[in-house]
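Heads up: the protein sequence lines correspond to chains A and B, in order.
Mapping to numbering that gives the first Met the number 0: the first sequence position 26 is 25, numbers consecutive.
Mapping to numbering that gives the first Met the number 0: the second sequence position 290 is 289, numbers consecutive.
Since the hints were derived computationally from the structure, they do not count as laboratory data.
This one's a predicted model, so the numbers in the text were calculated from it and none came from an experiment.
Glycine included, each C-beta is placed from N, C-alpha and C at the ideal position.
A couple of the hints might just be wrong.
To be verified - Calculated lysine-lysine pairs in the DSS-like style (CA-CA distance at most 30 angstroms, straight line):
| # | chain 1 | residue 1 | chain 2 | residue 2 |
| --- | --- | --- | --- | --- |
| 1 | B | Lys-337 | B | Lys-86 |
| 2 | B | Lys-339 | B | Lys-22 |
| 3 | B | Lys-223 | B | Lys-70 |
| 4 | B | Lys-339 | A | Lys-12 |
| 5 | B | Lys-246 | B | Lys-207 |
| 6 | A | Lys-195 | B | Lys-238 |
| 7 | B | Lys-219 | B | Lys-207 |
| 8 | A | Lys-12 | B | Lys-214 |
| 9 | B | Lys-16 | A | Lys-195 |
| 10 | A | Lys-12 | B | Lys-207 |
| 11 | B | Lys-16 | A | Lys-189 |
| 12 | B | Lys-255 | A | Lys-189 |
| 13 | A | Lys-195 | A | Lys-249 |
| 14 | A | Lys-189 | B | Lys-22 |
| 15 | B | Lys-246 | A | Lys-12 |
| 16 | A | Lys-195 | B | Lys-341 |
| 17 | B | Lys-207 | A | Lys-189 |
| 18 | A | Lys-262 | A | Lys-273 |
| 19 | B | Lys-86 | A | Lys-189 |
| 20 | A | Lys-195 | B | Lys-22 |
| 21 | B | Lys-319 | B | Lys-62 |
| 22 | A | Lys-195 | B | Lys-246 |
| 23 | B | Lys-341 | B | Lys-22 |
| 24 | B | Lys-255 | B | Lys-207 |
| 25 | B | Lys-62 | A | Lys-189 |
| 26 | B | Lys-287 | B | Lys-223 |
| 27 | B | Lys-337 | A | Lys-354 |
Unchecked claim - If we take Cβ atoms under 8 angstroms as the criterion, some of the chain B residues that face chain A in the derived model are:
| # | residue |
| --- | --- |
| 28 | Phe-199 |
| 29 | Asp-202 |
| 30 | Pro-203 |
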Amino acid sequence: MRDVAIIGVAQTKFGELWDTSFRQLIADAGLGAIKDSGISGEDIGAMYVGNMSSGLFVNQEHIASLISDHMGLNPVPCTRVEAACASGSLALRQGIITVASGYHDIVIAAGVEKMTDVVDATPAIATASDQEWEAQQGATFPSLYAMIARRHMYEYGTTREQLAEVSVINHHNAQYNPNAQFPFEISVDKVLNSSKVADPLTLMDCSPVSDGAAAVVLCPAEDARKYTDTPIYVKASAQASSTIALHDRKDMTTLDATKIASKKAYDMAGVTVKDIDVTEVHDCFSINGLLAVEDLGFTEKGNGGKVIEDGQTRLDGDFPINPSGGLKARGHPLGATGIAQACEIVWQLRGDAGKRQVDGAEIGMTHNVGGTGGTGTVHIFGRE
Amino acid sequence: MAGIVGYGAYVPSYRIKVEEIAKVWGDDPESISNGLVVNEKSVPASDEDTATIAVTAARNALKRAEIDPQKLGAVYVGSESHPYAVKPTATIVAEAIGATPELTAADLEFACKAGTAGIQAVMGEVDSGMIDYGLAIGADTSQGAPGDALEYTASAGGAGYIIGKKNTIADFETTYSFTTDTPDFYRREGQPYPSHGGRFTGDPAYYKHVFGAAKGLFEKTESKPEDYDYALFHQPNGKFYIRAARKLGFTPEQYKYGLLTPNIGNTYSGAVPLALSNVLDKAEPGDKIFIISYGSGAGSDGFVLNVNDRIKEVQDLAPKTQDYIDDKNYVDYAVYAKYKGKIRMA
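If we strip away everything but chain A, and leave its shape as in the complex, we get (with noise of 0.2 angstroms):
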């Protein structure tokens, strides 16, 4: 197996994006992507792009062979990576595996959702879960959350403050990424004070519903400095499967695919948690936020609230979450998150992420989750 370097990256804005199509948001960040690693599209072996829910949102199936001819690649063999939420992610590992086994040499990883040219997505979301044991029985993402975080605030004490505080260090991070949706800060009585959507979650306590593309390319690490001076290492790709229904869980507040694949990941990348510098978490509700610091290793069980609370995963604490604002705050097109979240830590390690720079980040991470954690996946990255 061959080790794997990022070369290249792009982001397009996240957002109410209403005069960017579907596949001009995929073609602005494959582009971007391609022009920041300086490969040329004869160059590339094959795409992955990942996405939930193009049929739904746009009534769009087969946009793998789209995203090609759209973007003037052809006849470069397009794959299209659905994994819910985690679809981005999913399509990065497919790349890596592709890299790494010595099938292709460039790879473009990307992810896309255009959300907006429906009036409600809820209902495309919602399949996401269960659909026989959960969606059909009226459970939402929200309502699903909420009850993980009902049920955290009754195991472990976990205040309604510490939910909003995370909603809160997104928002403070997000004011320094001009790609995010939301760029600007809320206060916790803010997030207090919202909509009630599900209780006891309010409306900041969730991620938007976004528009968004984001892209990365891939190469085998041997070759990485022949484009960049400032190439990326994947140092662990890892991923689980764990129950689609929240009810067949031994224990709701815990995501059991996130603790496999972290502990997986550490394993692969030779490191602890604590050497880590910078983390993007999975944070589509405040409380998921929250149980990433427990299962990434973070802190032990339990404790996720008192650590955010304390400050530990603001940009100058101990363990930095979600400098780029997080899914609530930089926003959430389900299939470009865990493409976003690469992005970012690139950014980060390459220390090209402006106000919002971890300083002195050497070792990042990614984590990203499908539905309410039926699947998880973490990526390392290091700048060696």
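Could you slot chain B onto chain A? The hints should help.
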């Protein structure tokens, strides 16, 4: 240029509170009220429709115009709730106020700005010398599907404007329109309730066109917000109106008298005509008024209006807009559903 000779308003007296609607649909009334800046909305009675609202508004306008209705050369009724799909509301109004038969009449539709489109049409005919006086009315009994967000705002009301060159109370300085094909809100033939694009109705629709027209109007008149005594805008809810007004640089003192939605809801084609009638009820000679309507589909009409001395002679000749707003009787959701025809009889 043409001016307003007389104006008149009408708002049905029934009201339903946001709390009452929220209770039925399990919504949080406080977050709806705060989010939309709407407290209650007007409800037309069973025997009220766009035609009856338009007729009352027209009669009030005639009282202030102090002209013989036979002098009207045109009657236009702008609405998206004309009682008939084929057969004009405008002829009903013209007949009822004694303006027939020597005139032209037609119904207009441009979502919520059909009323101001009618004002522009009459301005053109007056300025060209084709007619001496014309009547343009914006009136609606708008529809919102049960349980839809629109149900909190879709209401009823209207106002009419008699436009001419002689004996005006306020004179148009100019008009400017900004129009694109933007499908933010629509109702197809035969559908009982409109469809809308959710948040798409905001930035790419309402704000884009309101700001587009405002910018054009400022440039055309070489004016700025502080030159105006009043500013008023289309008001699908209070939030959009206030945000638009503030973003354009107007102060609450300038825009508050045009904001009626919190107490009567969105009267659609009647919204800007009613906002203007409320301002004219209070206006003084020399006041300058900045007006921007908005209709989904989409477009905005802008007007700059200068009030003259005759305003003081006519303000008390007919009921004022605030009189109608204050004269109210609350109904519960069941009565509202009956009045709005939401209960289907076999």
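Check each numbered hint against the structure and report the violated ones by number, ascending. The structure breaks hints 3, 4, 19, 25, 27; every other hint is satisfied.
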